[in-house]
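Could you build the full structure based on these sequences and the hints that come with them?
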Amino acid sequence: MELLDKLTILTDAAKYDAACTSSGARRHHREGMIGSTSSSIAGCCHTFSADGRCVTLLKVLLSNDCCYECKYCVNRRSNDVKRVSFTPRELAELTIGFYRRNYIEGLFLSSAVLGSPDHTTELMIRALSILRNEYRFNGYIHAKTIPGASPELVTQLGLLADRLSVNIELPSEASLKRLAPNKTRGAILAPMRQIRDQAAESKAELVRYRSAPRFAPAGQSTQLIVGATGESDRHILSLTESLYDRYRLKRVFYSAYVPVVENTLLPSLDTKPPLLREHRLYQADWLLRFYGFRAEELLDEAQPDFDPLLDPKCCWALRHPEFFPVEANRSDYESLLRVPGVGVVSARRILVARRAGPLHADDLRKLGVVMKRAQYFLTCGGRLATPLRLSPAGVAANLMAVERAALPPPAFEQLSLFDRAG
Amino acid sequence: MAWREIIYQYDGSFDGLLCCIYESYTQKERPTAILCGGDAEPNLFEIRTVPTVREHAGRVERSLRAVSNEVVPFLRRAFLTDLPDRELAIYRFVVRLYREGAPYLSRLSDDAYQPLLRAVRRLSTEVEHLRGFIRFSVFDGMLGTEIEPKNRVLPLLRAHFCDRCYNETFFIYDRTHREALLYSGGRSRIVPLEDFEMAPPDEEEASYRRLWKRFYDTVAIRERENPRLRMSNMPKRYWRTMTEFQPDAGTQPAALSAATPADGQARGAPDATPAPVKRQEPARSATASGT
Numbered sequence: 001m002e003l004l005d006k007l008t009i010l011t012d013a014a015k016y017d018a019a020c021t022s023s024g025a026r027r028h029h030r031e032g033m034i035g036s037t038s039s040s041i042a043g044c045c046h047t048f049s050a051d052g053r054c055v056t057l058l059k060v061l062l063s064n065d066c067c068y069e070c071k072y073c074v075n076r077r078s079n080d081v082k083r084v085s086f087t088p089r090e091l092a093e094l095t096i097g098f099y100r101r102n103y104i105e106g107l108f109l110s111s112a113v114l115g116s117p118d119h120t121t122e123l124m125i126r127a128l129s130i131l132r133n134e135y136r137f138n139g140y141i142h143a144k145t146i147p148g149a150s151p152e153l154v155t156q157l158g159l160l161a162d163r164l165s166v167n168i169e170l171p172s173e174a175s176l177k178r179l180a181p182n183k184t185r186g187a188i189l190a191p192m193r194q195i196r197d198q199a200a201e202s203k204a205e206l207v208r209y210r211s212a213p214r215f216a217p218a219g220q221s222t223q224l225i226v227g228a229t230g231e232s233d234r235h236i237l238s239l240t241e242s243l244y245d246r247y248r249l250k251r252v253f254y255s256a257y258v259p260v261v262e263n264t265l266l267p268s269l270d271t272k273p274p275l276l277r278e279h280r281l282y283q284a285d286w287l288l289r290f291y292g293f294r295a296e297e298l299l300d301e302a303q304p305d306f307d308p309l310l311d312p313k314c315c316w317a318l319r320h321p322e323f324f325p326v327e328a329n330r331s332d333y334e335s336l337l338r339v340p341g342v343g344v345v346s347a348r349r350i351l352v353a354r355r356a357g358p359l360h361a362d363d364l365r366k367l368g369v370v371m372k373r374a375q376y377f378l379t380c381g382g383r384l385a386t387p388l389r390l391s392p393a394g395v396a397a398n399l400m401a402v403e404r405a406a407l408p409p410p411a412f413e414q415l416s417l418f419d420r421a422g
Numbered sequence: 001m002a003w004r005e006i007i008y009q010y011d012g013s014f015d016g017l018l019c020c021i022y023e024s025y026t027q028k029e030r031p032t033a034i035l036c037g038g039d040a041e042p043n044l045f046e047i048r049t050v051p052t053v054r055e056h057a058g059r060v061e062r063s064l065r066a067v068s069n070e071v072v073p074f075l076r077r078a079f080l081t082d083l084p085d086r087e088l089a090i091y092r093f094v095v096r097l098y099r100e101g102a103p104y105l106s107r108l109s110d111d112a113y114q115p116l117l118r119a120v121r122r123l124s125t126e127v128e129h130l131r132g133f134i135r136f137s138v139f140d141g142m143l144g145t146e147i148e149p150k151n152r153v154l155p156l157l158r159a160h161f162c163d164r165c166y167n168e169t170f171f172i173y174d175r176t177h178r179e180a181l182l183y184s185g186g187r188s189r190i191v192p193l194e195d196f197e198m199a200p201p202d203e204e205e206a207s208y209r210r211l212w213k214r215f216y217d218t219v220a221i222r223e224r225e226n227p228r229l230r231m232s233n234m235p236k237r238y239w240r241t242m243t244e245f246q247p248d249a250g251t252q253p254a255a256l257s258a259a260t261p262a263d264g265q266a267r268g269a270p271d272a273t274p275a276p277v278k279r280q281e282p283a284r285s286a287t288a289s290g291t
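Those protein sequences? They're chains H and Z, same order as listed. When we follow this note's numbering, the leftmost residue of the first sequence carries the number 1, and every step to the right adds one. When we follow this note's numbering, the leftmost residue of the second sequence carries the number 1, and every step to the right adds one.
Mixed in with the good hints there might be a few duds.
Which stretches of chain H does chain Z cover? Using the computed rule of at least three CB atoms under 8 Å from a CB of chain Z, they are [what the hints assert, rightly or not]:
1) 307–318
2) 352–359
Selected chain Z positions facing chain H (in silico; Cβ < 10 Å) [stated by the list, open to error]:
3) S68
4) I134
5) L143
6) V219
7) M242
8) E244
No lab work stands behind these hints: they were computed from the structure. Where a beta carbon is used, it is the ideal one built from N, C-alpha and C, also for glycine.
Below you can see the structure in the form of structure tokens.
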């Protein structure tokens, strides 16, 4: 089969994986090797596909010849699709060819389960070590760990890759049992724990010996499918929080479920992917990682799902009138971060700028604060930025109007349906 | 203070601009415009050509460093931006800085400071974008590309690409500012270059372009299509020089060089034509399999 067709099939099968980052590893050039890992902290986006997502890595499967029967997956055993595999050399040449032309930052290698998890992992290790050692590739590699692979093989994989990931996919044990009968919670969490521990060990080693081998220097990530099963946003967000806290994950990705398979256990094929819900989860994810929020502050039993009309931070602010207004000239960084319309960057700028003198509403705008959100919650020198006194309901209505402009029109059709159902 | 009003003309270098600042303070003059040599048209104001003297520039630089170490690197970046009248904007900033000292550096919303900050931010964004969006072509083992940036990005792209392509030989041609970054054997140079035309791709290059285009088209999830998001993440002005947006994969990626030789077209065409037809098949069968 021609390489072009293989690439098409194996890309098509890999594209539902949301993770595509090249951040977290800094490795400069080396004599006789090709490439380095990105010099910027946030990684490097090489292009954006038609769906608006960043493409930074060559994201392919090593093979789509799967022996598992996960109901939601295009590659499941019983599905009638063409089965192909890359040879390690094809994959290495493709990666190098793309990398040299600055198309990509590196390789994202995943695979269907060929025979057994161990066998698959061995094939991946072979492909990656040819790429690293024979083709002298020094760029970024993200490798997917196959649930159920033996710990020794995960170790080898981690020494070749910059980042490892184990996909949880379904946010609860019950859903896993129903839709992915060959995977178990234990088989997913065991490698996560192992990666966490070995990465920490490797870091400690590196402090003592500069040339100690690096195990997954860019850490690990995972992915959750949103909308294939009935878990609430609250369930997903608390799971996320515990993954960040207990497993030291760098990122948790959410993937709005795109129905590719007809199955009575799954949403019907004409269901639109819940993109707005995914968006809200990402917003909340950022609040957890950079804004000092906790999952239980954002959602509770009375309110297990995010409001489609308003972002999580605004919702929190409206529920906590006692916290506001926040004084821009005196409040600490943590309080400023809780104001809707103030982000990490603008909060830092406020801290710098107010050293030189008192700030007014006009200055805040210039510092990058989004005043159409922040005006109801911020004071400058004791004066609220908006001359209007609004009732909480009025503030909520105004914020929703601001938000509406930011949402794409198709989301609205989805919203009205959602409202009627609930 | 009744300072004289005058127009300065300088040689277009950063040191030259520092000399204008020196001139203004030693002569007690306030420039109403600072022009790069050749831009000046005769008008009511007096025009003076300020010579670039290393000592004068060095003195201004030291005085700025005395305020803070961050000032000179910041101004060097500001000097690379496409801000209209950036010389005068930099001059005004320096005047305020001398008057108010280091505390001025935290007045981020000041009218003489904020435009520079914003311009530098735009410059950094463009550099960040181009790190990813540059597409090299391989000619006889050498890498080369053309870009059309708004700001003068080459000095800032230098470190990144010299690290990434350490063992390669490459060039990046900036068509807007007519200069090129050349790198070979661990050494890099930025040289002015009036005109330049890319060679047509050879067979291997054309095949990698086809593969990349196919990958790009396949990796998008059709159910999530979102042109607005794509455009805000990757403004359209970059598309002209990106392989994945060229009409067919065999042709020149830089649409800039309109004069692609006829044989380049002829070689690209027969390979590229069947590609779009073939592309549809696997994509359709993948979705059809679900129904």
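Subject >> Numbers of unmet hints, in rising order >> reply: Failing hints, ascending: 1, 3.
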